[in-house]
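*Asks:* Chains as they are written, first to last, in the working numbering: chain A, 246 to 379; chain B, 246 to 379; chain C, 904 to 1356; chain D, 904 to 1356.
A portion of the hints provided could be inaccurate.
Distance condition first, Cα-Cα at most 25 Å in a straight line; then the derived DSS-like pairs of lysine-lysine [as the list claims (entries may be wrong)]:
(1) D/Lys1287 x C/Lys1244
(2) D/Lys1244 x C/Lys1226
(3) D/Lys1244 x C/Lys1158
(4) D/Lys1244 x C/Lys1248
(5) D/Lys1248 x C/Lys1335
(6) D/Lys1303 x D/Lys1287
(7) C/Lys1190 x D/Lys1244
(8) C/Lys1158 x D/Lys1303
(9) D/Lys1339 x C/Lys1244
Think of the hints as simulated: they come from the structure by calculation, not from any bench.
Each chain, letter by letter, is given below.
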Amino acid sequence: MKVVTGVVGNDVHVVANRLIDISLQERGFEVFNLGVNTYLEEFIDAVIETDADVLLVSSLNGEAEGWCRDLGILKSKYDFSDVVFMIGGNLGVGEMNAEELGPKYRNYGFDLVFHQVDLNEGLDQLENYLKERK
Amino acid sequence: MKVVTGVVGNDVHVVANRLIDISLQERGFEVFNLGVNTYLEEFIDAVIETDADVLLVSSLNGEAEGWCRDLGILKSKYDFSDVVFMIGGNLGVGEMNAEELGPKYRNYGFDLVFHQVDLNEGLDQLENYLKERK
Amino acid sequence: MSLLQREREIIVQNEFIDQFDFKEVEEFIKSASKELFISHKFKTTNEMLVQPRGGFPTYDKVFQLYKEFKNSGVDVLPLTIDSNTRLNDYATAKKMLALSEENDVDMLNGYPLINHGYRTTRKMITHYDTPVSLRHGTPDARLLVEIALASGIFEIEGGPITYLLPYSKNFPLDKAFLYWKYVERVCAAYSELNEPINRESFGPLSATMQPPAIVLVIQIIEMLLSLEEGVKSFSVSFSQTGSMLQDVVSSNVLKKLSRKYADRFGHNDAVINLVYHQWMGAFPYNKHYSDSLINTSTVIAAMVGADKIITKTRNEAFGIPTKEANALAVANVKYTLNMLKGLPKISDEAEEENLTNMVNEIMEAVLNDSADTLWRKVFNAIKKGHIEIPFSPHIINANKVITVRDPDGNIRIHNKGKLPISDKSFAFERSKIRLKENERVVDKIIQDIGIML
Amino acid sequence: MSLLQREREIIVQNEFIDQFDFKEVEEFIKSASKELFISHKFKTTNEMLVQPRGGFPTYDKVFQLYKEFKNSGVDVLPLTIDSNTRLNDYATAKKMLALSEENDVDMLNGYPLINHGYRTTRKMITHYDTPVSLRHGTPDARLLVEIALASGIFEIEGGPITYLLPYSKNFPLDKAFLYWKYVERVCAAYSELNEPINRESFGPLSATMQPPAIVLVIQIIEMLLSLEEGVKSFSVSFSQTGSMLQDVVSSNVLKKLSRKYADRFGHNDAVINLVYHQWMGAFPYNKHYSDSLINTSTVIAAMVGADKIITKTRNEAFGIPTKEANALAVANVKYTLNMLKGLPKISDEAEEENLTNMVNEIMEAVLNDSADTLWRKVFNAIKKGHIEIPFSPHIINANKVITVRDPDGNIRIHNKGKLPISDKSFAFERSKIRLKENERVVDKIIQDIGIML
Ligand code: B12
Ligand code: B12
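Go ahead and model the full structure; you've got the sequences and the hints to work with.
*Replies:* Have a look at this one:
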């Protein structure tokens, strides 16, 4: 399984990104890590280039919303029905209600949304999701 | 003006009592300090013996209610119409609503009630009260 | 039958308690779980133990309190006794307990252990299988301690001085010594059946401007009085002074001297532990500030290297804390202790030397008294004013010593009263004090009492 | 017209700002209230200054934030800039600001200073008449700093290394040096008109497992680069390491060496202050624990003797704090600093010697580079991996150094990469590390990142 990952937008929080890289590899994924400061278009390009199964977007600095609202438009240009779109980290500025953020990001086109959820829990859920989809 | 003071009941908190003694003297009162562990009957006796103008009861350990409920009965035996009955300190066990405590202690027979009020503020009010009564 | 046993049988014949079954109690202690003994816990852990304060009138509320504490990771449970019981006024305690049970309001500031009895209380204590510490303040604690031990409470706080001078107005001092001798002997006797019963002295005293020299002397004396009767596990204690350095100095000297005096009197086999009390004086009414104060105490406790810390809560200024507020404090202290790393070893030679000298000077004066037993020497020392504590409500207290804070917050001896300290030591203390021009000592004291407000 | 002035005129010709009036700005700074200068405040107080972090997209929200801060007793106000502005993406910032203003939600994590402009911002700053510190993280801060100074913000944080390696992925390093040279020169020039403008370096770096040796080297280098351009007031800084002792050691060595290197390069007249950042790494989700952590940081700051402390809040793990939570943190820190008394002087000879050696070793390697100017030497050092920081997102960072914590929480160099430290120094570091049998370094690192959780 191939995963493209990185941190979206003008966001330089790299610590989780490094841990995500390591953890995905340990779970047997092939990882393409675009690092921090990655724009949505770059993510989409990488998914196409690598023929990835999963796009795992991180955002920590609270500005993900502004960077992800156009995901729907971008997705509509290609056939991504086999790709899992996943986002996690800290998905709003200030203290957020996780219940509200889920629907919002799913609306943008994400399948799995993890606001302030531990990495391992998120990756467990990803694996479940992949299993069930089969 | 003569003041009888002390700490009521099985209460050994002496620090405020010492400060009250000093502060009353500085304000020109003649002080009869019965100290800690003083029972209501002893207070009443001292007021009569000294012909005091004010009875200033302290209570810190939260148990004042149990010790003061019988004040009405004791007062009814004598003519204390010229004596100001005053109580202050920490007037309940646990965190209390000051608004509820006032009426309760006034009901027992106190003229002035100060729950968690600074000493100097309480003494200022006492002096005002004495002035207005004249 | 020994004299002690005769006295015990008289003591437990009290109208407020049910039949006391010595045999059964002995059996219970013999086979009690090791987990109930703090002396065992001290032996088997390197971490600082965390113990809150707390007690409510009714059984149910204490049971719920313990549950909260356990969830917050508590190491040692407290059982705080109400102030009527402390003054052996079991009749009032009974009345107030009944009122509390009927009306669901707390008419007592602690647990009236005598009225509840040991059969009931033991259920709760064995249920939680965690050491419980008896917190009272009782000059005559003979019956209370019998009931406590029978309940499974294997740490007894207090002593003839520390539970008298701060806690009583006119209870006779000589009686206090004799009644506490009883307590020590009972603790010593039970200590042979299983793990040792731990005795703990109450170093905070009146919690107000206490000079470390006096605190340490009293700690050492109560330790000696206890070990002399056969107790094998003893905790000395003191509370936050308001100066970090003075806390460290107090701790270093207390550890050193308590061991030295124990050994000097032949108690080499006694285990001595150090307990630190979070700030015991007047608390601010701002709960966030109280949190900050409490956390600062925790950091200092770690720096002084205490074996146990006794916690306060953000509700301290307001009244007896709710169980939730109390448990929260425990969880926060546990978090901080766990997170604190890389603690420096601190000492201050000049300060430690001066404190050591003062303690030794007072101790020598006490020990040189012509009386035949230690407790009589101490009794005389207190009568003579060789030992006294500021802000004691007790009539025997000399009330001559005056303390103020130096600019670093250290509590210094301003008037030495009859304290038998040398001119040199006293000069050291005085040299640190700075009063502003025309500042009255009484105003300084009022300000110094309120430094945490 | 000087070359600098020519460059400045070009810089301020930017489509996102209104006409920039150099004359008027100069007049403003010349006659600005002394109260706006932190350099003045440092001179006139002995107390540790307290500065929070904080910034919101809209003017009104920042105005309200400052009001809260003032009520809580703040000493220095922050102006934190949003991350688009930090990356010179003023168009996005403008769009998000508009969205924030329309919908009353914060679409930016800070204040887009460029878009607001200096005329507006100055109103707020002169209104509060309190020093403001610019917190950004911008590699090319030329325009931002012009606008900040014109607004009355007389402390500028950052530097070519500390605002690049932790804050950027691929901004060219040589450009960062040149752009920061511009900033230094502008600050130096304005410093002659009134009190000095203060520059501050950002010691926390990536806030994750940063070894003190590297932090100190970078602090000293940024200080030298700044003083070299004529700045007269500079603050070095570092953040809580996780070990109290390592904080004390870092502070002692940083104070000593920053002065030493400043003097060595002839900057004897420069004033150097020390800033301590409360824990900058990952925070717990439990707000009470965060309070405990923050208070512990405060105690340590007092013990290391910082001149300024930069605070965090109980909301740190969750997101940008509300103004209330932020002001609460300030009030708590003020309370604790005020209440802390009797702080011991601590040091650790062996640790201080080793840290001093490592810093000197790296500094010598940097200074021995054959390039002609200091910034080029440093540039080469970073390219060679003589300087690098763990967990930098920047492509130029060597990523060879690996750090882990020793059992006391001290951050130790496990792999030295290309760091030019001696075998002896490295052996000292390694000697402290204890890995459990079969423990993987990566697991240890993950655990060490999360020590406060
Ligand atoms: C020091 C202290 C002690 C010392 C007392 C030493 C001594 N002999 O004086 C020691 C450690 C011995 C002690 C013992 C106990 N204490 Co105590 N103690 C305190 C503490 C920390 C400070 C009290 C103090 O000295 N403050 C400084 C003085 C100057 O201020 P103050 O007493 O608050 O008085 C001010 C005002 O109230 C006012 N005031 C006082 N009287 C009057 C009267 C009038 C008319 C007016 C206007 C004003 C006024 O003037 C003062 C200055 O402004 C308080 C908590 C707190 N406040 O922070 C608990 C506290 C008072 N103690 C308490 C308790 C329960 C006890 C114990 C029963 C033990 C226990 N169960 O925990 C025993 C008491 C035994 C007994 N028989 O009474 C409780 C009372 C509970 C309640 N009200 O709900 C408190 C509030 C702690 C708590 N949160 O649980 N205590
Ligand atoms: C360290 C840190 C920094 C360092 C970063 C260094 C670096 N290059 O990495 C520095 C100091 C440079 C920094 C800068 C800034 N930071 Co910062 N930073 C932090 C801090 C304290 C810790 C982050 C961290 O490393 N955590 C450790 C890692 C392992 O955990 P994590 O990142 O939280 O990720 C975990 C989960 O979220 C999850 N996860 C992450 N991604 C994904 C994805 C999926 C799919 C899943 C399932 C899980 C998952 O996995 C991790 C492990 O469980 C956090 C606050 C906090 N969390 O305590 C603020 C924080 C993230 N920063 C913040 C901000 C705003 C900034 C700044 C804009 C400055 C400012 N205005 O204050 C700049 C950013 C500039 C930019 N362009 O982005 C805010 C974000 C605000 C918000 N969301 O509302 C935070 C929350 C602080 C705050 N309360 O204000 N920061």
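*Asks:* Work down the list of hints and note, for each, if the structure agrees.
*Replies:* Structure-based check of all given hints:
no.: 1; hint: D/Lys1287 x C/Lys1244; result: violated (34 Å)
no.: 2; hint: D/Lys1244 x C/Lys1226; result: violated (31 Å)
no.: 3; hint: D/Lys1244 x C/Lys1158; result: holds (23 Å)
no.: 4; hint: D/Lys1244 x C/Lys1248; result: holds (18 Å)
no.: 5; hint: D/Lys1248 x C/Lys1335; result: holds (17 Å)
no.: 6; hint: D/Lys1303 x D/Lys1287; result: holds (11 Å)
no.: 7; hint: C/Lys1190 x D/Lys1244; result: holds (21 Å)
no.: 8; hint: C/Lys1158 x D/Lys1303; result: violated (47 Å)
no.: 9; hint: D/Lys1339 x C/Lys1244; result: holds (18 Å)
Of the hints listed earlier, those the structure fails to meet are numbers 1, 2 and 8, in rising order.
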